[in-house]
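Novice: If you want the building blocks of each chain, they are given just below.
Protein chains: 4
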Amino acid sequence: MAGSSFGSIFQVTTWGESHGKGVGAVIDGCPAGLSLCEEDIQRFLDRRKPGQSRFSTPRKESDQAKILSGVFEGKTTGTPISILVRNENQKSGDYSEIASYYRPGHADYTFDAKYGFRDYRGGGRSSGRETIGRVAAGAVASKILGEMGIRFLTYTRSIGPVSISGQYFDEAEISRNPLYMPDADAAAKAQEYLKQCMSEKDSSGGVIECVVTGMPAGIGETVFDKLDAVLAKAIFSIGAVKGFEIGSGFASAAMKGSENNDAFLFRDGRIAKETNHAGGILGGMSDGSPIIFRAAIKPTPSIARTQHTVKKDGTPTEISIQGRHDPVIVPRAVVVVESMAALAILDLLMTGMTSRMENLKKIYLP
Amino acid sequence: MAGSSFGSIFQVTTWGESHGKGVGAVIDGCPAGLSLCEEDIQRFLDRRKPGQSRFSTPRKESDQAKILSGVFEGKTTGTPISILVRNENQKSGDYSEIASYYRPGHADYTFDAKYGFRDYRGGGRSSGRETIGRVAAGAVASKILGEMGIRFLTYTRSIGPVSISGQYFDEAEISRNPLYMPDADAAAKAQEYLKQCMSEKDSSGGVIECVVTGMPAGIGETVFDKLDAVLAKAIFSIGAVKGFEIGSGFASAAMKGSENNDAFLFRDGRIAKETNHAGGILGGMSDGSPIIFRAAIKPTPSIARTQHTVKKDGTPTEISIQGRHDPVIVPRAVVVVESMAALAILDLLMTGMTSRMENLKKIYLP
Amino acid sequence: MAGSSFGSIFQVTTWGESHGKGVGAVIDGCPAGLSLCEEDIQRFLDRRKPGQSRFSTPRKESDQAKILSGVFEGKTTGTPISILVRNENQKSGDYSEIASYYRPGHADYTFDAKYGFRDYRGGGRSSGRETIGRVAAGAVASKILGEMGIRFLTYTRSIGPVSISGQYFDEAEISRNPLYMPDADAAAKAQEYLKQCMSEKDSSGGVIECVVTGMPAGIGETVFDKLDAVLAKAIFSIGAVKGFEIGSGFASAAMKGSENNDAFLFRDGRIAKETNHAGGILGGMSDGSPIIFRAAIKPTPSIARTQHTVKKDGTPTEISIQGRHDPVIVPRAVVVVESMAALAILDLLMTGMTSRMENLKKIYLP
Amino acid sequence: MAGSSFGSIFQVTTWGESHGKGVGAVIDGCPAGLSLCEEDIQRFLDRRKPGQSRFSTPRKESDQAKILSGVFEGKTTGTPISILVRNENQKSGDYSEIASYYRPGHADYTFDAKYGFRDYRGGGRSSGRETIGRVAAGAVASKILGEMGIRFLTYTRSIGPVSISGQYFDEAEISRNPLYMPDADAAAKAQEYLKQCMSEKDSSGGVIECVVTGMPAGIGETVFDKLDAVLAKAIFSIGAVKGFEIGSGFASAAMKGSENNDAFLFRDGRIAKETNHAGGILGGMSDGSPIIFRAAIKPTPSIARTQHTVKKDGTPTEISIQGRHDPVIVPRAVVVVESMAALAILDLLMTGMTSRMENLKKIYLP
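Chains as they are written, first to last, in the numbering used here: chain R, 19 to 384; chain V, 19 to 384; chain G, 19 to 384; chain H, 19 to 384.
It should be emphasised that the hints constitute simulated quantities derived from the structure, not laboratory data.
Mixed in with the good hints, there may be bad ones.
Which copy? The list can't say, so a pair holds if one copy fits it or any two copies do.
Cut-off 35 angstroms, straight-line C-alpha distance, at most; resulting in silico cross-link-like pairs (DSBU-like, lysine-lysine) [as the list claims (entries may be wrong)]: (1) LYS67 <-> LYS161; (2) LYS67 <-> LYS207; (3) LYS161 <-> LYS380; (4) LYS219 <-> LYS330; (5) LYS213 <-> LYS67; (6) LYS379 <-> LYS329; (7) LYS161 <-> LYS39; (8) LYS67 <-> LYS330; (9) LYS219 <-> LYS67; (10) LYS39 <-> LYS219; (11) LYS93 <-> LYS379; (12) LYS84 <-> LYS379; (13) LYS380 <-> LYS39; (14) LYS219 <-> LYS329; (15) LYS330 <-> LYS93; (16) LYS380 <-> LYS329; (17) LYS67 <-> LYS84; (18) LYS93 <-> LYS39; (19) LYS329 <-> LYS213; (20) LYS329 <-> LYS67; (21) LYS330 <-> LYS39.
Build the full structure now, drawing on both the sequences and the hints.
Specialist: Structure, rendered in C-alpha cells:
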C-alpha cells in the first residue's frame with residue numbers, strides 16, 4: 019500500500035535511502051530449490067555500478083550484496099531472502115544546502131508535500147540507489163526465468179537524438195561500448211553528443227529497449243493485470259521513465275488495422291505470427307513471440323547550469339548543481355529496466371500456474 | 019491475483035463476458051456519505067455506448083446500470099456497491115464460426131493458451147463490454163474526485179495520421195463532434211480519413227489525451243506505486259492500448275536537462291512551475307500542476323478485409339470478419355481512459371491519507 | 019482493504035444487504051475447466067436456508083442462486099464467476115423502529131460509529147444474509163477440493179450446555195436431525211433445551227466442529243499466513259463467532275509437552291502421527307492428519323425479552339425484539355463454517371503451488 | 019502471498035532464520051513524523067529476551083536492534099523502516115543430528131513436505147527467533163497507538179493448571195514476577211508447577227490475556243476483515259497458539275442471549291455498555307469498551323524426555339531433545355502477543371481513515 023513492494027507471489031520489498039546505513043530488498047515467495055549465491059546478485063549489481071566510464075558519476079560505490087537469509091547450503095529454502103548493501107562513501111556535508119530549496123526535475127518538493135519534510139541527503143529515498151534493491155531482486159528473478167528458458171536482451175536504443183539503426187544491430191556490441199548500444203557507429207556518435215552536453219553543463223535522456231524471448235504463450239491475466247499493464251507499471255516505477263510502449267507502440271496509433279494485425283501461421287510445430295507489431299502480447303497475455311518494449315528516460319535533472327527555482331518558503335533563488343552526477347543515466351538504467359521486467363514476468367508466470375484445474379492436479383495428485 | 023480487481027483501498031472488481039447474462043462491477047471501499055444514484059453512472063456509460071455515429075458499431079446496447087447494494091436513501095453506506103448491466107441483443111449465432119480459428123490482433127489464441135479453451139462468443143471476457151464495469155466504477159470515482167475539486171478533460175488527440183493542433187484547441191468542441199476532438203478542423207479531416215478506412219474495409223487507431231486539474235501536491239507513493247506507474251498500469255490494462263506517456267513523454271528522451279527541467283516559482287500564494295514537461299508528476303507524486311498523459315490506441319483488429327490466419331490445429335485459413343464492428347474505437351475509449359485514470363488517482367488519494375502522523379490525529383483525536 | 023474480499027488467489031468478494039435488491043459474490047481466480055452448474059451452489063445454499071425447522075426463523079427465503087458469468091458450456095472459464103441471489107420477502111416496514119435505537123449484541127452502534135449512519139433494515143450489511151455470498155463461493159471451493167480428494171465433515175458439537183458425546187458419534191445422524199448433531203441423544207436433549215429457551219423468549223449459542231480429511235501435507239505458509247491463522251481469520255469473520263481452536267485447543271494450554279506432542283510413525287506407506295492433538299497442523303502447515311477445529315457461536319442477540327439500551331442520542335429505552343428470529347443460529351451456521359474453511363484451504367492449496375522450483379518446471383517445461 | 023508480510027497499510031515483512039546471519043523486519047507504511055529511536059524498539063525486544071529467569075532458556079541472545087532506514091533526525095520519514103538484529107551465539111553443531119529425524123510437535127516434517135528440504139539449524143524459519151521481527155515492528159505500532167491514546171495490558175493468565183484469580187488481580191505485579199502474572203499468589207504456584215515439569219524433563223503451556231483500552235468505536239471492517247478476525251489471524255500466526263477467544267469466548271456458546279448481550283447505556287458523555295461479554299467488539303468493529311482476548315499456548319514441544327518418532331525415510335527412532343530450551347514459552351510470548359495485537363489494531367485504524375467522505379475532506383480540503 020505504501021508501495022515499497024512489487025509482485026503478488028514473487029514479492030519484493032525494497033528499503034533504504036541514499037545516505038542511510040544501507041539499501042536492500044526482501045524477496046518473499048521465491049520458490050525453494052534454486053541454486054543461488056551472492057555472486058549471482060553481484061553480477062547484476064555491477065552492471066549498474068557507477069564510475070565505469072566518463073559518462074557516469076565518478077562516485078565510487080562498491081555495492082557489495084550480502085544475502086542474510088533464505089539460502090541454505092547453496093539453495094533457496096522458500097523463506098524470505100534478505101539482501102543488504104551497505105552505503106559507503108556518502109558525504110552528508112555535500113548536501114546540506116539542497117535542504118533549503120527545491121531542485122527542478124527532482125522529487126524534493128513533492129516529498130515535502132506528501133510527508134511534511136524529507137531526508138534531503140542525496141535524494142533520500144528517491145535516489146537512484148533505491149534501484150539497488152530492485153536489481154538484486156531482478157537478478158534472482160532472472161535466474162529463475164533462465165531455468166525456464168526465458169532470456170532478456172536489453173540495451174540503449176537512443177541517447178538524445180542519436181538512435182541505433184536496425185541495419186547495424188549487433189548484439190555482441192552491447193557490452194563493448196560504455197553506453198550499452200548494439201550499434202558501434204551509433205555508440206560513437208552518442209558519445210560525441212554526450213561530450214557536448216557535458217561541456218555545456220547539460221545532460222541527456224534516451225530510450226531503452228528490451229526483448230524477451232522464450233516466453234510460453236498465455237502468461238498474463240486478462241483484465242487489470244495484463245502482462246503489458248504489469249510491465250508498464252514495473253517500468254514506469256523507475257524514477258526517470260516518462261514513456262512506455264509495446265511492439266509498434268505509439269506508431270500503431272497511426273496505422274490501419276490491416277497493417278497492424280499480425281497474421282497467425284504454423285511454424286516449427288507451433289502457432290506463431292508472421293509479424294510482431296503486437297510486441298508479443300495479445301489481450302494482455304504473451305502470444306509466444308518475443309516481447310518487445312521501449313522506455314523513454316528523461317535527461318538527468320541534476321545539471322551544473324544555472325537554474326531558477328524557489329526555496330521552501332517560496333523565495334526565488336538561482337542554483338547550479340555541483341557534484342558527481344551522471345550526464346546520462348540511460349546506460350546504468352538498462353539493468354534496472356531488465357530487472358523490473360524480470361520481476362513482472364516472473365510474478366505473472368507464477369500467478370498463471372493456477373489457471374487450470376489440470377495444473378492443480380499435476381502438482382497435488384499422485 | 020487473477021487480476022479482475024483494481025485498486026487497494028477503492029477496489030473495483032469487474033465481471034462478465036460479452037455474451038453471458040450481463041457485466042458488472044463491485045466497488046469495495048467507497049467512503050460512506052457520497053450522494054449517488056443510477057443516473058450518475060448512466061451518464062458515464064452513455065459516453066461509451068455504441069451506435070451514436072457512423073464511426074461506431076451500429077449494435078444497439080442500451081446498457082442500463084442497476085445499483086444492487088451499497089446505497090441507502092441516496093447515499094453510499096461504505097459497504098460494497100454492486101452494479102449490474104444486463105446483456106441484451108447478443109446473437110450467439112453470429113459467432114459460431116470464430117470458435118474454430120484465431121483472429122489476428124485478438125486474444126483468441128492467448129485465451130486458449132492460458133485456459134485451454136475460451137468463451138468465443140463476441141470475444142468473451144476480452145470483449146470491449148468488459149469496460150462497462152470500469153466505466154461504472156469510474157463514474158463513482160469521478161464523483162468523489164469532483165467533490166475534492168479534481169477535474170478531468172479527456173479527448174481524442176489523433177485519429178490515424180490526423181492530429182489536433184494546439185493552436186485551435188477548443189474544449190467546447192469536444193462534445194460537438196462524434197470523435198470527441200477539441201478541434202473542429204481536425205475532427206472534419208479525421209472523419210474523412212475514417213470514411214476512407216471504412217471504404218477500404220479497414221480500421222484506424224489513434225491517441226487519447228487526458229488532463230487532470232485540481233490535484234493536490236504529494237499524491238502517489240514513492241517507489242513502486244508512483245502515480246505515473248499506477249496510471250500507466252490503469253491505462254495499459256485497457257485492451258487496445260499500446261503506448262503511454264506522461265508530460266513530454268517520449269520527446270523528453272531527446273531533450274537536454276536544461277530543456278526538460280521545469281523551473282519552480284511562486285504564484286498565487288503557492289509553489290508552482292514555469293513549464294510542465296513533467297506532466298504534473300515528480301518522483302512519482304503529483305506536483306500540483308495539471309497531470310497530462312497520452313495513450314496510444316491500436317486500430318480495431320476486426321476488419322472486413324481478407325486476412326490470413328490459422329485454425330486451432332494450425333491449419334492455414336483465410337477470414338474476413340463481418341459483423342457490426344467499430345472502424346475506430348478511440349472515441350468510445352475516451353471515457354474508459356478517463357474512468358481508469360479516476361480509479362487510479364482516487365485510490366492513491368485515499369492511500370495518501372495515512373502518510374503523516376498528524377493525519378491520524380486529525381481523524382481520531384478530538 | 020475495505021474487507022469484502024477473502025483470499026489471495028481464489029478471491030471471493032461478497033456484496034449485498036439484507037433489504038437491498040439482492041446479495042451475491044464474485045469469485046476471481048477459479049481455475050478453468052471445473053464442471054459447475056447452479057445446482058452445485060444451490061445444494062450448499064439450501065443447507066443455510068431458514069424455515070426448515072421450528073428452531074430457525076420461519077421467514078421464507080427461497081434464495082435461488084444465478085450464475086451470471088464465468089461458466090461456459092458447463093465449465094468454468096477461469097474468468098470471474100458472478101453469483102446473484104435476489105432478495106425477496108423483505109418487509110422494510112418491520113424495521114422502521116430499530117433505526118432509532120441500538121440493539122444489544124448487534125452492530126447497530128458500531129456501524130454508526132464507523133460510517134456515520136447505517137442501512138438499518140434487517141441488519142443491513144451485518145445481516146446473516148451476507149453469508150449467502152460466502153456459502154455460494156464455498157460451494158465452488160468445496161467442489162474443487164473434492165476433486166483433490168479433500169472432504170469436510172462439519173456438525174454441531176454443542177447447543178448451550180448440551181454437547182455431543184464422542185462415544186455415540188454417528189456421522190449419518192448429522193442430516194437426520196434439524197440441529198446437525200452427530201449424536202441422536204444429544205440432539206434430542208438440545209431440542210428440549212431450545213424449546214425451553216424459546217418459551218423464556220431467550221436464545222442459545224453453541225459450538226461447531228469441522229473435520230477435514232484428505233489434506234496433502236505441507237499446505238499453509240510458514241509465518242503470517244499459517245494454515246491455522248488463515249482458518250482462524252476465516253472462521254472469526256463469521257458474525258457470531260467468539261472463539262476458535264485447533265486440535266486440543268485451549269485444553270492444550272493445561273497439558274504437558276509429553277501429553278500434547280504427537281509421536282510420528284510410519285503407516286500405510288507414509289509418515290503419520292500416533293495422536294492428533296495438533297489438529298492436523300504443525301508450524302502452520304498441514305501435517306497430513308485430519309484438520310480438526312471448533313468455533314464458539316454466541317447466542318442469537320435478537321431476543322423477545324425486554325432489554326435495556328439507548329437511543330442514538332443516548333436516551334435510555336427498553337426494547338423487546340419481535341419478529342422472526344432464529345432462537346439459535348448454530349445449525350444454519352454449520353455450512354457457513356464449512357464454506358469459510360473451504361475457501362481458506364483452497365486458497366492456501368493454490369498459493370502452495372509455487373513453493374518449489376520443480377513445480378514451476380512441471381507446469382511450464384515440456 | 020508467501021505470507022511473510024502482515025498488514026495492508028502498516029505492512030510488516032519479517033525475514034530470517036534462527037541460524038542465518040540475522041533476523042529482521044521491514045515496515046512499509048509507517049506515517050511520517052513519529053519520533054523513533056532504536057531504544058524504543060529495544061525496550062520491546064528485551065521483554066522477549068531469553069535468559070532472564072530459570073524458566074526460560076539460558077541461551078544468551080543480546081538481540082540488539084539496528085534501524086537501517088526510514089528515520090531521519092529522530093523522526094520517521096514515511097519510507098520503509100528496515101530493522102536488523104544480527105544472530106549471535108548460534109552453534110550450528112548442536113543441531114546436526116536433528117537434520118535426520120522429525121521432532122514431535124515441531125515443523126520439521128511439514129517444512130520438508132512443503133519445500134522438499136529445510137534449514138534444520140535451530141528450527142530455521144520456524145524458530146521463535148522469527149518473532150523478533152514482529153516484536154520490533156510491534157514496538158513501532160505500539161508507539162503510534164500510544165500517541166492515539168490506545169494502551170495494552172498483556173499478561174500470563176495461566177500456566178498449566180494454575181490460573182490467576184480475578185479477585186487478586188494486581189497490574190503492578192506483572193513486571194515483578196518472571197512469569198508476567200498479575201497475581202503474586204498464582205505466580206508462586208505456577209513457579210512450583212514449572213519446577214516440577216522441569217524435574218520431569220517436561221514442559222508446560224498456558225494462556226495469555228490482553229486488554230486494550232482507549233479504542234475509538236468503529237474500528238474494523240464489516241465483513242472479512244473484522245477486528246476480531248484480523249486479531250485472530252494475527253495471534254494464531256504465532257507459532258504455539260492453539261486457541262483464541264474474545265470476551266466471553268467459548269463460555270458464550272453455553273450462555274443464553276439474555277446473559278450474553280451487553281446492555282447499552284450512556285455514561286460520561288458517551289455511549290457505553292453495562293457489561294463486556296463481547297470483549298469490546300460488535301459486528302467486527304470496536305464498540306469503545308476495552309478489547310479483551312485470550313490466546314492458548316501449547317506446551318513447548320522440545321522436551322528432554324524420550325519420545326518416539328521417525329527419520330526422514332520413515333524408520334522409527336527414539337529421541338531425547340537436549341539443549342537449552344524454554345520449559346514454558348508463555349512469559350516470553352506475552353510481548354509477541356501484544357506486538358501482533360498492536361499491528362492488527364493499527365492497521366485497521368489506518369484502514370478506517372477512508373470510511374467517510376468527510377474524512378477525505380478533512381485531510382485534503384483547506
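Novice: Next step is simple, just say for each hint if it's right about the structure.
Specialist: How the hints compare with the structure:
Taking the shortest Cα distances, LYS67 and LYS161 sit within 35 angstroms of each other inside one copy (20 angstroms), while across copies they are farther apart (39 angstroms). For a Cα distance limit of 35 angstroms, the shortest separation of LYS67 from LYS207 inside one copy, 23 angstroms, qualifies, whereas the shortest one across copies, 51 angstroms, does not. Taking the shortest alpha-carbon separations for LYS161 and LYS380, both the intra-copy value of 24 angstroms and the inter-copy value of 17 angstroms come in at or below 35 angstroms. Taking the shortest Cα distances, LYS219 and LYS330 sit within 35 angstroms of each other inside one copy (25 angstroms), while across copies they are farther apart (59 angstroms).
Taking the shortest Cα distances, LYS213 and LYS67 sit within 35 angstroms of each other inside one copy (20 angstroms), while across copies they are farther apart (54 angstroms). Taking the shortest alpha-carbon separations for LYS379 and LYS329, only the inter-copy value of 28 angstroms comes in at or below 35 angstroms, while the best intra-copy value is 63 angstroms. For the homomeric pair LYS161 and LYS39, the shortest alpha-carbon distances inside one copy (28 angstroms) and between copies (23 angstroms) are both at most 35 angstroms. Proximity of LYS67 and LYS330 under a CA criterion of 35 angstroms is satisfied intra-copy only: 33 angstroms inside one chain copy versus 46 angstroms between copies.
In this assembly of identical chains, the alpha carbons of LYS219 and LYS67 lie at most 35 angstroms apart only when taken from the same copy (22 angstroms versus 53 angstroms across copies). Proximity of LYS39 to LYS219 under the C-alpha cut-off of 35 angstroms is restricted to the intra-copy arrangement: shortest distance 31 angstroms within a copy versus 45 angstroms between copies. Both within a single protomer and between protomers do LYS93 and LYS379 lie at most 35 angstroms apart by alpha-carbon distance, with minima of 27 angstroms and 16 angstroms respectively. In this homomeric assembly, LYS84 and LYS379 come within 35 angstroms of each other (Cα to Cα) only across copies, at 28 angstroms, whereas the closest approach inside a single copy is 38 angstroms.
For the homomeric pair LYS380 and LYS39, the shortest alpha-carbon distance between copies (33 angstroms) is at most 35 angstroms, but the shortest distance inside one copy (46 angstroms) is not. Within a single copy, LYS219 and LYS329 get their C-alpha atoms as close as 23 angstroms, which meets the 35 angstroms cut-off; across copies the closest is 59 angstroms, which misses it. For a Cα distance limit of 35 angstroms, the shortest separation of LYS330 from LYS93 across copies, 19 angstroms, qualifies, whereas the shortest one inside one copy, 50 angstroms, does not. Taking the shortest alpha-carbon separations for LYS380 and LYS329, only the inter-copy value of 28 angstroms comes in at or below 35 angstroms, while the best intra-copy value is 62 angstroms.
Taking CA atoms no more than 35 angstroms apart as the test, LYS67 paired with LYS84 passes in both settings, with 16 angstroms inside one copy and 26 angstroms between copies. Proximity of LYS93 and LYS39 under a CA criterion of 35 angstroms is satisfied in both settings, with 28 angstroms inside one chain copy and 15 angstroms between copies. Taking the shortest alpha-carbon separations for LYS329 and LYS213, only the intra-copy value of 32 angstroms comes in at or below 35 angstroms, while the best inter-copy value is 55 angstroms. Only within a single protomer do LYS329 and LYS67 lie at most 35 angstroms apart by alpha-carbon distance; the minimum there is 32 angstroms, versus 48 angstroms between protomers.
In this assembly of identical chains, the alpha carbons of LYS330 and LYS39 lie at most 35 angstroms apart only when taken from the same copy (27 angstroms versus 43 angstroms across copies).
Checked against the numbered hints above, the structure breaks none of them.
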